[in-house]
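For chain A, the structure is supplied; the task is to place chain B on it using the hints.
Residues per chain, in single letters:
Number of protein chains: 2
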Amino acid sequence: MEGEQGTGDEAQEELHKETRAKLVPVKLEPFNAEAPLEALTHPRTPTDSFFVRSNYAEPELPTATHRITVEGAVEAPLTLRLKDLARGPLREVTATVECAGNGRTAMSPLPEGEPWDKGALSTAVWRGVPLAEVLGRARLRPNVLEILVEGADGEGSKRFARALPVSKAMHPDTLLALEMNGEPLPRAHGAPMRLIVPGWYGMASVKWVKRIEALTRPFSGYYQRERYIYDLSNGRAPEPVTRMRVKSLILTPSEGARVAPGRVVVHGIAWSGERRVVQVEVAVDGGETWKPATLLEKPKPSAWVRWAFTWEDAKPGRHTLRARATDEAGETQPETSQWNRLGYGNNAVMARVVNVG
Amino acid sequence: MEGEQGTGDEAQEELHKETRAKLVPVKLEPFNAEAPLEALTHPRTPTDSFFVRSNYAEPELPTATHRITVEGAVEAPLTLRLKDLARGPLREVTATVECAGNGRTAMSPLPEGEPWDKGALSTAVWRGVPLAEVLGRARLRPNVLEILVEGADGEGSKRFARALPVSKAMHPDTLLALEMNGEPLPRAHGAPMRLIVPGWYGMASVKWVKRIEALTRPFSGYYQRERYIYDLSNGRAPEPVTRMRVKSLILTPSEGARVAPGRVVVHGIAWSGERRVVQVEVAVDGGETWKPATLLEKPKPSAWVRWAFTWEDAKPGRHTLRARATDEAGETQPETSQWNRLGYGNNAVMARVVNVG
Numbered sequence: 001m002e003g004e005q006g007t008g009d010e011a012q013e014e015l016h017k018e019t020r021a022k023l024v025p026v027k028l029e030p031f032n033a034e035a036p037l038e039a040l041t042h043p044r045t046p047t048d049s050f051f052v053r054s055n056y057a058e059p060e061l062p063t064a065t066h067r068i069t070v071e072g073a074v075e076a077p078l079t080l081r082l083k084d085l086a087r088g089p090l091r092e093v094t095a096t097v098e099c100a101g102n103g104r105t106a107m108s109p110l111p112e113g114e115p116w117d118k119g120a121l122s123t124a125v126w127r128g129v130p131l132a133e134v135l136g137r138a139r140l141r142p143n144v145l146e147i148l149v150e151g152a153d154g155e156g157s158k159r160f161a162r163a164l165p166v167s168k169a170m171h172p173d174t175l176l177a178l179e180m181n182g183e184p185l186p187r188a189h190g191a192p193m194r195l196i197v198p199g200w201y202g203m204a205s206v207k208w209v210k211r212i213e214a215l216t217r218p219f220s221g222y223y224q225r226e227r228y229i230y231d232l233s234n235g236r237a238p239e240p241v242t243r244m245r246v247k248s249l250i251l252t253p254s255e256g257a258r259v260a261p262g263r264v265v266v267h268g269i270a271w272s273g274e275r276r277v278v279q280v281e282v283a284v285d286g287g288e289t290w291k292p293a294t295l296l297e298k299p300k301p302s303a304w305v306r307w308a309f310t311w312e313d314a315k316p317g318r319h320t321l322r323a324r325a326t327d328e329a330g331e332t333q334p335e336t337s338q339w340n341r342l343g344y345g346n347n348a349v350m351a352r353v354v355n356v357g
Numbered sequence: 001m002e003g004e005q006g007t008g009d010e011a012q013e014e015l016h017k018e019t020r021a022k023l024v025p026v027k028l029e030p031f032n033a034e035a036p037l038e039a040l041t042h043p044r045t046p047t048d049s050f051f052v053r054s055n056y057a058e059p060e061l062p063t064a065t066h067r068i069t070v071e072g073a074v075e076a077p078l079t080l081r082l083k084d085l086a087r088g089p090l091r092e093v094t095a096t097v098e099c100a101g102n103g104r105t106a107m108s109p110l111p112e113g114e115p116w117d118k119g120a121l122s123t124a125v126w127r128g129v130p131l132a133e134v135l136g137r138a139r140l141r142p143n144v145l146e147i148l149v150e151g152a153d154g155e156g157s158k159r160f161a162r163a164l165p166v167s168k169a170m171h172p173d174t175l176l177a178l179e180m181n182g183e184p185l186p187r188a189h190g191a192p193m194r195l196i197v198p199g200w201y202g203m204a205s206v207k208w209v210k211r212i213e214a215l216t217r218p219f220s221g222y223y224q225r226e227r228y229i230y231d232l233s234n235g236r237a238p239e240p241v242t243r244m245r246v247k248s249l250i251l252t253p254s255e256g257a258r259v260a261p262g263r264v265v266v267h268g269i270a271w272s273g274e275r276r277v278v279q280v281e282v283a284v285d286g287g288e289t290w291k292p293a294t295l296l297e298k299p300k301p302s303a304w305v306r307w308a309f310t311w312e313d314a315k316p317g318r319h320t321l322r323a324r325a326t327d328e329a330g331e332t333q334p335e336t337s338q339w340n341r342l343g344y345g346n347n348a349v350m351a352r353v354v355n356v357g
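Those protein sequence lines, which keep their order, are chains A and B. Here full-length UniProt numbering is used: the first residue of the first sequence is 1, the next is one more, and so on. Here full-length UniProt numbering is used: the first residue of the second sequence is 1, the next is one more, and so on.
Isolated chain A (complex conformation):
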């Protein structure tokens, strides 16, 4: 572990270039890019195809000497370097991360914000120390309500920081991750260490972690109260964005693709926060005839499941395909997602237009 990290900051430069080459750029400064949809056909997204969401320029933190502090309502404040964390105990979690704004361009009226289409979504194997281990060492005071995790990106009141309820912060799968897909984290993904909050939209998985604070009062920072909230513009107090809503995506045939008549195999993925997906159904031509797809692996919490559907006897002409997922709690994708001012959490059923013949 130390040996791998010891390749140092030149290796980070190399990784930095690699992580940009295969992506679909949305914004260049700061760099934001979607995963190419074809990369999502893998059970795990290759690191160089994993989507990138950054609110600010990527901090270049020194791999060996960067420290994080653990402070606030704790008995034993800590300072930790990468090598301290690397001692473990280490845990591995496969988790899908979706940007809360994924699908924003399909919302109407179009909300402001980065124009994410479908690819602000990826899955990786994360390896790191459970946040609960670190908090355990620091010994939380009994009146702790939330755990604030602050990144090294942004400044002053706009520094990127998010708080988690203690229950989620203490979940054994919530990690201070050091590795992604078996390699040190690249800079774009939060090197040298980032939070991974499985099942929650990406904003919770704070990158470039710098400071952890145990809070006895709810956090009210910019990224907690002004962004990543469901603001329905109806006079009610906005709700915070938390877990990923149940959703599915058709990967092939791709949008507007031309396929031969007859039997067409439709492939896709489906996910639902910390919950297992239990069913995916497909409808052809906008009707209400939903037929079950086959799940290609045993569904796990917090990671997408791949599915396939055999469309028998596709006739020449244009057709619409729709997929909808249902999770173990019985939640099903809606036909239309509730509009909100900042365009988060769009999990509506999508229509895929395909040309046969």
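Heads up, a few of these hints could be off.
As the list claims (entries may be wrong) - Just a few of them, taken from the derived set where beta-carbon distance is under 10 Å, the chain A residues facing chain B:
no.	residue
1	LEU110
2	GLU114
3	GLY221
4	VAL259
5	GLU288
6	LYS315
7	HIS319
8	ALA348
What the hints contain is simulated information worked out from the structure, not anything from laboratory work. Cβ coordinates follow ideal geometry from the N, Cα and C atoms, glycine included.
Frame of chain A, contents of chain B only:
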């Protein structure tokens, strides 16, 4: 005129093939196809690129001997052949025809019906006899409410037939058209004669006209009461679909196009039923900053107007462009169009995703 029509049914076969080659098929039987969007950059759509909407197989009517009857509440019932109509007086009208279901695939929940995207829309120069001339010869009784126009397509109670209020039927621009863009009508577009109702959605412009009947009571046929209605599924009686709603379309850059940074010229079209479009505005990146586009010709009623907008200083990355049109009555495109069960009249502002750099 007679000479042109006299080329006969072999010529129709040739035209038949031509009208299918350049289109974007939506359904093969009966043949339904969109205009390729690049063809919409012309002030008038070339006939071989004009969208085709048919509810049934195209009737093959004999050019020289086909007759239409004019009957019902008239003093002098008539039978007319093409050569009778060709004597005139003939009138020429440039009219945009949009299918009422155009844009259906962008509605959510996805309504049933043909999956029309953006190209069920075209403009042609139509030449024919004003319907008012024919009705004048037949002498309408004073208690006539509606003029029923029946096509030769479909059978029994599902024969394609639509009724117009007398006021619209008698409008001098409502034509029994014999020619399209200076040539005899091709079969796909209603040969040997079709109705053209400028400013109304396409269902009113009945093809392969066979029978005209003056009615003293409202028509309640299938295509008048069961289809081409705005059914809001809210318990209220559906409203009939009539005039085309104010709408605009960005033609270039095309969806997902990659363009160079700097100055980008955006081109499009806008239309609004019988009304003139008076303004088109463009917004960049989902904001509420709408800037005026330039209309490229003097707007006319019933035909689209082309427009251009110069997007200054486009920066590398992904951007959204939106256009919205306003007509002389002050109607502006809505951000979201009212959903209806059959998916008609979608004139919502569309977001065009463009990649710069």
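Hints, verified against the model:
1. LEU110: 5 Å, holds
2. GLU114: GLU114(A) check passes; min Cβ-Cβ to chain B is 8 Å, inside 10 Å.
3. GLY221: 25 Å, violated
4. VAL259: Result: violated, 13 Å to nearest chain B Cβ.
5. GLU288: Holds, about 8 Å.
6. LYS315: 8 Å, holds
7. HIS319: 7 Å, holds
8. ALA348: 6 Å, holds
Hint check: violations occur at hints 3 and 4; the rest are consistent with the structure.
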